Amino acid sequence: MDSALATALSIGFHGLAFAMVLYLISVGLSVTMGMMGFINLAHGVFAMAGGYILTGLLDHHRVPFPLALAAAAGAVALASIPIERLLYRRLYGGDELDQVLLTIGLVFMSGAAAQYFFGPDQQPLRLPPGLSGGVKLGFGEFSLYQCLLIAVGAALATGLWLGLERSRFGAQIRAAVDNLRMAQSLGIDTSRLFCLTFALGSGLAGLGGGLGSDLITVVPSYALDNLVYFLIVVAIGGLGSIRGPFLAAVLVGLVDSTGKFLLPQFGAFFIYAMTLGLLLWRPRGLFGRG
Amino acid sequence: MAAARSVRAWLTRRAAPSGRAAALEAFAGRHRYRPLEALPWLAALAAYVVFPGYLPLGAQILATILFALSADLVLGYAGIITLGQAAFFGTGAYTAGLLAAHGWGEPITGLFAAAAAAALVGTLSGLIILRSSGLTQLIQTLVVAAMLAEAANKASAVTGGDDGLQGMQVWPLFGHFAFGLYGRTAFFYCLGVLFLCWLAVRRIVHSAFGRSLTGIRENSGRMHALGAPVIRRQLVAYTISAALAGISGALIAQTSGFVGLDSLGLDRSGTVLIMLIIGGVGRLYGAFIGVPLYMIAQDRFSTVEPVYWYFWIGLLMVLLVVFTRGGVLGLFDRLWRRG
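Protein sequences appear in the order of chains A and B. Here the numbering used here is used: the first residue of the first sequence is 1, the next is one more, and so on. Here the numbering used here is used: the first residue of the second sequence is 291, the next is one more, and so on.
These aren't lab readings, by the way, just hints derived from the structure by calculation. Just so you know, these numbers come straight off a predicted model, no measurement behind them. There could be a bad hint or two in this list.
Here are the computed lysine to aspartate or glutamate pairs in the EDC-like style, where the Cα-Cα straight-line distance is at most 20 Å [said to hold, decoys possible]:
1. B:444 x B:552
2. A:260 x A:225
3. B:444 x A:225
4. A:260 x A:214
5. A:260 x B:452
Input sequences plus hints: build the corresponding full structure.
This is the structure:
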């Protein structure tokens, strides 16, 4: 009985850690897609960039972990601004097919570029000694790193939610998601708002990609391999919400971890089946707006 | 550009038209065969004579044109943006492959089986994805393909998993023409199947059914209001497209004697869109231009730098979206209009 409980806890713990990574990466995607109606398949590129920056800084330059994390998020956020200004902005409200093609093109380019600079191999995550151990909690030993993931994810989720509910910037984002034209008529500079939101979302993806580089391996095909997972979280959560992607990420993380542990012969099959079922039941996701 | 105009008039065998009567005539005569339409087939036959060493590549190109044609039917005519067309390609490939690996290597019946299996998957998934639209629909097409890929990956006892399906024994075509090393049979086999499928698609596109699909693509709300059964029409188009994609997958499986997991992959769904965009969407001939351009360029460049091929193709995509619309055929259209 105890061992069954310990197994369940371990699965849940692992699933939650994975869920936090998924949430950090997908929340920006959900908000930007909800706000601009833009089909962005290249969001994983920013997460991958975060992964490469973090593992590179830790591995070659011995940068302290928190600093490397901040650098990954900051660099990705900054780099995303010119991409938004030069490429994405042209296609807001445009043809969906063009958006798909542009972002797939970016995915292909990023994969080849990553291969050119870093080679085809997986980037190892060299954790600082303080983080690589385990911690004994009640029923068993849990990885300290996964504890950190869950703590950071939960903290950021709370922070984002508060920021969106309480701050002026958050109110503007909510207004733009709800009714873009009305927000514009009220004098909100939506172009600037788009750019800042996009940078914030990309920075969070960079952070998630960096933090999660132990769970989602950093390889050149990262953006293509994990595209389905990020989009699933967004679709199940519903576009343009903060709460939706969080619950969706927890659901996907737990189901994925349970399925892969108990029925490894089915792999990710259950996640896909669950997604199809959920979207059949609620086409706009669990928390999507009508 | 007067020369170009007169060439065009000659090609369409009509005097340079003007006004309403001409528009009517163009509309009524749009289904007639024009001499220009023989061009792809003449080019294919010429390629057979000029490049006898490249027949296996030629067969692959012909089969992939069919795949792009199937995507054009969904994307360009039914207006469904799909990232899961590989689901049907792979279903067809694995169906034909499994038949040939388990003692039934007759190619033509293999094609029919592949088409039926892919059409079944198309109908079932169409019933799900056609209930939604936009981003949700796109994600659903992606998920269906990912689900099948994962199934094929995990059922390695049947499909060979990561190593791919091996041991296919494809019998000679019509009991006479063996699929030899030089790909002569494969080339003509693919050419013949593509030709028949093209005739069918051309007929569908120009039929009343095809016109209503175009109407749905342009304004589905208005087609609803006109009383057209929108979902049912789209489902039929989606199923036909799936069957064509399945035939294409079966062609490649039979002519190469191998089926891998990549036949169900996202790469394939993405690149077929790219090939189609390069040629031009919703034009029936985009596939005939985009696929050869893409695959010949890939064959040339990837021998030098296989890895970085995707970088250049990605850059091309970005530039195409930013600077041009409508692919190569769209470019010609604009040149003509300017002239």
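For each hint, the structure was consulted:
{"no.": "1", "hint": "B:444 x B:552", "verdict": "holds (14 Å)"}
{"no.": "2", "hint": "A:260 x A:225", "verdict": "holds (17 Å)"}
{"no.": "3", "hint": "B:444 x A:225", "verdict": "holds (17 Å)"}
{"no.": "4", "hint": "A:260 x A:214", "verdict": "holds (17 Å)"}
{"no.": "5", "hint": "A:260 x B:452", "verdict": "holds (18 Å)"}
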